[in-house]
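There are 2 protein chains.
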Amino acid sequence: MSVTAPRGFRAAGVTAGLKPSGRPDVALVVNDGPTDVVAAVVTSNRCRAAPVLWSEVVARGGRGRAVVLNSGGANCYTGPEGFATTHATAERVGELLGCGAGEVVVCSTGLIGEQLDRPRLLAGVDAAAAALTADGGHDAAVAVMTTDTRPKEAVQVRAGGTDGWSCGGMAKGAGMLAPALATMLVVLTTDAVVGAADADAALRAATAATFDRLDSDGCQSTNDTVVLLASGASGVGVGADELAGALTPLCADLAAQLLGDAEGSEHDIAITVERAASEADALEVARSVARSNLFKAAVFGRDPNWGRVMAAVGTTTAAFDPAVLDVSFNGVQVCRDGGVGEPRDLVDLSARAVEVVVDLKEGRARATVRTNDLTHAYVHENSAYST
Amino acid sequence: MSVTAPRGFRAAGVTAGLKPSGRPDVALVVNDGPTDVVAAVVTSNRCRAAPVLWSEVVARGGRGRAVVLNSGGANCYTGPEGFATTHATAERVGELLGCGAGEVVVCSTGLIGEQLDRPRLLAGVDAAAAALTADGGHDAAVAVMTTDTRPKEAVQVRAGGTDGWSCGGMAKGAGMLAPALATMLVVLTTDAVVGAADADAALRAATAATFDRLDSDGCQSTNDTVVLLASGASGVGVGADELAGALTPLCADLAAQLLGDAEGSEHDIAITVERAASEADALEVARSVARSNLFKAAVFGRDPNWGRVMAAVGTTTAAFDPAVLDVSFNGVQVCRDGGVGEPRDLVDLSARAVEVVVDLKEGRARATVRTNDLTHAYVHENSAYST
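Heads up: the sequence lines are chains A and B, in that order.
Letter by letter, the first sequence follows residues 1 to 387 in my numbering.
Letter by letter, the second sequence follows residues 1 to 387 in my numbering.
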């Protein structure tokens, strides 16, 4: 169900022939209203793909009827011709739905630096529009997969009004919003009645606490987009906080699915920084650890290498005293007061989930950043596959 | 010859039994004067090893008689006991040479978070002092190796005075000064007559242009130290600029040797950013590319993936317009004006040396950062070997 779980949405996923594999590659998600609220968060990379440039402007208007997505090509660094392809895609969706191109969000994922086959893509849009159904969410989720091994879908249901309201979502990617080049595309839907400003605030709050704190490989994508459509079909009015309260666990669920399917990974690592002087300090330290190749390679080797954690902490500007830092792996405090703590042998890193806690002993703030280990398979996938 | 090439120096390398392999592990480099000038640059990591804390203070005084180095243990995150080991090592060298402990620089490399065997280390110091010779530079270079596959040595000779003057150096490490956890230790010697302030300025200038622009894996070591001893034995007086003029090519030579021996690497990559608005911009962009795991994995796969270069450029704050960027690999301009340029197939990445040029078209500044590719062997070495 995913994006079609809330009322007022139809979706489809079809095969347009953009992927050499012949797998589904065009998805369409349509908001049938009665409201047409849209909000989006896109990559902060300054070198962006054509669909990102387009969709940012659409979202700024606050009104959107549909999201059209393709895999099989990122349409990135493709110049004016690439932008014209994005524009033509939105125009075609607008014609088919009876709305303006400016109400259509466009997302693309796949290889960078190659033109999409525009005729095939447009024929795929026609086919997707013809295939739209109220339970097409799963097909849409399948059609946006690239190196994903499985589609990612989630739903959150809330009480309220006659039948309550809900949010649904689908995601693709082995990467993440802020960082990672393996494009992350996320479409969220809700049947709540919400204003455009509140929808935007709720989406930003939810992504900041979830997708923004995933850091698979420290690389920032050119195409990452998270878009929210609100249909208002439940008749239940919500504010920004209430909507964020449903979107945040929804995004956390999708984020966990992304992390669990990250390219070549063997471990999901949660790095929590405790007792920081500020949340910004906690985040900076957690991100620094999450980006240490040496730390990530050690986890792959099942080595609770706290020295590499300390070294990563030491590169930050956060407030801390090296002589009192504690570091634990899966509950074993292997580093105590900046020196040797409990024996490394007590740490078991054979399971996929790894919890690393860094105690800065400076204040009361905390933050968690999630990442993966650095594996042979990561190197293999990313040396053999052009993105 | 290396550190014993300039007049006024003796050195030795011996086996103290700190390494399980039974290979040489203690080195001593002694300045016999007539001058005893010392300067040092150490890691900017805030979590530093005991010998770094000690040696920084020694170098601040500007007077140094010797450098004692050990492999087989980094003496890092070892608390007060570890610092006492460093102090005892300097004391022993001072007794043997008839100088104060405060004139002895100490460097350590090897595993983090383990105490050194102090009796063995001190016995090794005794043996090294007894073995000092005027041609012991090579033995010293061998004794500081860890994962290095070969010792690194270099010499620069300059005209002047009766027989001119010279600089010598030795290095160990698969990493680098600013970044990389695989400790880089470098000892440089000169028989020029130079003041302490000039020696310090020359050393900083030379390292900023060489070791600071190596970035093997983006990780910053806890032990990195570059130390310069000046004996004055040539009788030739030099200023900071003249000394930097000899030290810079010497350091560049050693840096190239470090890069060529980096853990598990198959390519040496030079990333040059041209026509930047400022040198700081050029450096920021080059470093960002050098730290992109996706770019580095692509080079390992012999894929001239300019999209990943663009994406790394896009994460910086440098002045540039994405629509006019050019990127070339080994002279082939695969990206022109932010889009597809010459065919990728024209690029041959089979040789070890890879040149990537990013043209920002903003100004006249340029900078080069050197790095390695991300390989299966890198992951293997760093998952199997605890640092």
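Rather than coming from a laboratory, the hints here were simulated on the basis of the structure.
Just to be clear, a hint being listed does not mean it is correct.
A few chain A residues that don't get close to chain B, going by computed Cβ distances all over 12 Å [as the list claims (entries may be wrong)]:
(1) 74
(2) 242
(3) 323
(4) 377
Sample of chain A residues at the chain B side, in silico, Cβ under 8 Å [said to hold, decoys possible]:
(5) 15
(6) 17
(7) 21
(8) 77
(9) 79
(10) 222
(11) 311
(12) 314
(13) 324
(14) 338
(15) 339
(16) 349
(17) 350
Glycine included, each C-beta is placed from N, C-alpha and C at the ideal position.
Hint check:
The beta carbon of residue 74 of chain A sits about 8 Å from the closest Cβ of chain B, which is not more than 12 Å, so the claim that it is off the interface is violated. With a minimum CB-CB distance of about 34 Å to chain B, residue 242 of chain A clears the 12 Å threshold, and the non-interface call stands. Consistency note on residue 323 of chain A: stated as away from chain B, yet its beta-carbon is not over 12 Å from all of that chain's, at 8 Å minimum. Remark: the non-interface label on residue 377 of chain A conflicts with the geometry, its nearest Cβ contact in chain B lying 9 Å away (cut-off 12 Å).
For residue 15 of chain A, the interface hint is violated, since its Cβ never comes within 8 Å of a Cβ in chain B; the closest pair sits about 25 Å apart. Proximity of residue 17 of chain A to chain B is violated relative to the hint, the smallest CB-CB distance being about 21 Å (cut-off 8 Å). The closest approach between the C-beta of residue 21 of chain A and any C-beta of chain B is roughly 19 Å, which is over the 8 Å cut-off, so the hint fails. A distance limit of 8 Å between C-beta atoms decides the matter here; for residue 77 of chain A the minimum to chain B is near 5 Å, and the interface restraint holds.
For the restraint placing residue 79 of chain A at the interface with chain B, the shortest Cβ-Cβ distance is roughly 4 Å, inside the 8 Å limit, so the hint holds. Because the smallest distance between the Cβ of residue 222 of chain A and any Cβ of chain B comes to about 5 Å, under 8 Å, the interface hint for this residue holds. About 5 Å separates the beta-carbon of residue 311 of chain A from the nearest beta-carbon of chain B, less than 8 Å, and the hint is met. A hinted interface residue such as residue 314 of chain A counts as satisfied when its beta carbon comes closer than 8 Å to some beta carbon of chain B; here the least separation is about 3 Å, so the hint holds.
Below 8 Å, beta-carbon pairs count as interface contacts, and residue 324 of chain A has none with chain B, the closest being about 11 Å; its hint is therefore violated. Given the 8 Å rule on beta carbons, the hint for residue 338 of chain A holds: about 6 Å separates it from the nearest Cβ of chain B. Nearest Cβ of chain B to the Cβ of residue 339 of chain A: about 4 Å, under the 8 Å cut. The hint holds. Because the closest C-beta pair between residue 349 of chain A and chain B is about 11 Å apart, greater than 8 Å, the hint is violated.
A least Cβ separation of about 14 Å between residue 350 of chain A and chain B goes past the 8 Å threshold, and the interface hint is therefore violated.
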